[in-house]
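Q: Just so you know, the protein sequences line up as chains A and B, in that order.
If you're matching positions, the first sequence starts at 40 in my numbering and goes up one per residue.
If you're matching positions, the second sequence starts at 40 in my numbering and goes up one per residue.
Please note that a few of the clues may not be correct.
In silico PhoX-like cross-links for lysine-lysine, where the CA-CA straight-line distance does not exceed 25 Å [said to hold, decoys possible]:
1. A:LYS232 with A:LYS42
2. A:LYS42 with A:LYS86
3. B:LYS86 with A:LYS86
4. B:LYS42 with B:LYS86
5. A:LYS151 with A:LYS86
6. A:LYS184 with B:LYS184
Only part of the chain B face toward chain A is listed, based on derived beta-carbon distances under 10 Å [claimed, not checked]:
7. ASP89
8. LEU91
9. ALA133
Computed footprint of chain A on chain B; a stretch qualifies when at least three of its residues, placed anywhere within it, have a C-beta under 8 Å from a C-beta of chain A [as the list claims (entries may be wrong)]:
10. 69-82
11. 92-98
12. 190-197
13. 380-386
These are computed hints drawn from the structure, not numbers from a lab.
Glycine included, C-beta positions come from ideal geometry on N, C-alpha and C.
There are 2 protein chains.
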Amino acid sequence: MSKGTIVMKFGGTSVADAGRLKRAAGRIVRRREEGYRVVAVLSARGKETDRLVADAFEVSPDPDPREMDMLLSTGERVSCALCAMAINDLGHRAISLTGSQAGIVTDTSHTKARILDVRAERIFDALDGDNIVLVAGFQGVSTAKDVTTLGRGGSDTTAVALAAAVGAEVCEIYTDVSGVFSADPRIVPDARKLDVVSFEEMLEMSASGAGVLQLRSVEYARNHGVRIHCRSSFDDAPGTVVVSEQETMEHPLITAVTHSTGEARVTLMGVPDTPGAAGRIATALADANVNVDMIIQNEPITEGSRADMSFTVPRDDVRAARAALEPLQAEIGIGDVATDESMGKVSIIGAGMKTHPGVAAKVFTVLGDHGINIEMISTSPIKISCVIPGDRVPDAVRALHAAFELSGDDTIRPEQPFGQFAS
Amino acid sequence: MSKGTIVMKFGGTSVADAGRLKRAAGRIVRRREEGYRVVAVLSARGKETDRLVADAFEVSPDPDPREMDMLLSTGERVSCALCAMAINDLGHRAISLTGSQAGIVTDTSHTKARILDVRAERIFDALDGDNIVLVAGFQGVSTAKDVTTLGRGGSDTTAVALAAAVGAEVCEIYTDVSGVFSADPRIVPDARKLDVVSFEEMLEMSASGAGVLQLRSVEYARNHGVRIHCRSSFDDAPGTVVVSEQETMEHPLITAVTHSTGEARVTLMGVPDTPGAAGRIATALADANVNVDMIIQNEPITEGSRADMSFTVPRDDVRAARAALEPLQAEIGIGDVATDESMGKVSIIGAGMKTHPGVAAKVFTVLGDHGINIEMISTSPIKISCVIPGDRVPDAVRALHAAFELSGDDTIRPEQPFGQFAS
């Protein structure tokens, strides 16, 4: 029993029914029997969170965020209590803890709280008492002592934060897919599993639509040096390890194509060309917790005239964005606010891109050759994203995946063959 | 706003769907608009607790009690969060609190915890801040900082305990029936609603099967002088007020006939006639939290021989009773343990019984005239209970209700007509 601590996180599909929940319990117990101290983080079962959200909207058109958190936090508690029962039946001691009991302290930003501190004393006590510790994901307790939630996908962040707090060797994220792929296999059947990706690449992938890991959890892992292993809860094959760039050793030109079909474009007509107008708009959106992705402002033709400003937001944030902008319309004199909820986004990510110009040109050419109109573009040193019509997203993903030859062993690599990719 | 505080408790059927939940929210708001400070206690919605229990047994044949509490406590939290949303939509401020947040401190007896203390500071703060406070019923936090539940029907106890802690004028218990009846109206259609009953009568009624109020809540109310008003959540008619015996003023000979069909008889064959054997048995059952009702031990015929001992327990406790007795069988030399889960019980209750002998004789005669076999009998100064075959319970209830003329204005009263009974 001299081994270290492992954090294991199971998503909603991995605990959706009694059979799967018991299988997760079995995996947890196996790690314990290997000698590790185990902390497991569980999500709400299957569609439980959706059910609770529907219950809320049946009662209220605009549910109070504090109460929404009280409501939604129950889903993960149910999973943990049930899993603890199953583990106890397997002859091991397990106790479930709420986020609050686990010491996950957050700010007071209900439904999108951020973790401020992890006070893991109770977890350590339970581990010292030879318990497997199950922690309800996605939630914490605010500095005002209210239950908070971390936003959808927040259980990944819970797991990584706990892994950092307890000094875990690895944070294993168990999901219904076997790792991180070069593209969504539902769109590109010959997409391949990546054995290793860097935090930087994973950040860009999560930010641009790869659903396998939540963006904030990857940020947190990078900032705290937590090793993530993303793998399937349904088999024992190794998945994808997310590590620091130094550890990846090799840098393929392009690692993956990601996409999102849940984008909306908001266009503000006739924004006055006065200093501070854009700042006011951005502040209002940030205060409303709206995640603005790309922003474009076309230059006014003559001095003192007006410009149009467009930005993209997740489709779920359109309502909040409109509400945040409404008071500004009269105040700073904006014309109409138009929204288009049919937008999508396709991105290519690769650490090798940094040292290889010409990737952007190839992306635009490929999309152009397929008659796909590019509405907005944004780039980072290791990513190129294009906003395109939502209905063309699958075509764009397939075209780029093929053009950059990501499916086979013939992946374009700037330095040398990336051996561990052979699957 | 010079009025006092009211505690309102809504049962599961009163919050079962969005429409009912909003109606409960409306009633709560109305009390607030009348000027009262309002604390509302909610149960889990409809069949939610049953659903969670089923989930547990799907995962484990013998769910861990600590985890069962973590699981079941979520049901009331959901109700409170949803109700707070509905109240906020009605233009009032409401916040929901878990049992733990509400300061309900219990012992560590999971699934049947007892309230040790109510630390209501957070409730007072919220009330002072002009909030309606919603508290999740049925639960608390143990001295070991674990979530506990108070057993089925525990939300009544939560409500009464809070009413005592905040010095409420009244604890209103809203249910799907319009008050306490002279018998179960499903069995006796002309049973009538009682306007007032004494704590003592209500205690006996709750203990003997009247489901409308949980026994412990009535005990707690009597011990702390909390006035209970038991009424319908579906109309505005006054229900039944439970008050001290002095306040009832009048004492009908018989107030009500109650019954239970969930009884089981456990018989221990050949219990050695040694000092302490019965005590050991009773202790083992008490340690297992088995509620033993009646006990009969037939005298051994010759000194040093063995006797049979029978007792009744709620049918749900049979498993626990068997488990508790098993180690004793070898240890003190008990023969077989036989159980009969088809038992029922019928009781008549009335404060006037104290001063009027002959009631018991009449009960036995009535049951005998209807060919109903009495298996066991127990009495208190204001109650006579008979264990009978479960399938004869409805006949027995109807026969006794008729024989004691409880349905009309011609109820037998020792002193004077009990005017407020006219409904």
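Q: Output the indices of the hints that this structure fails to meet, ascending.
A: 1, 2, 4, 7, 10, 12 and 13
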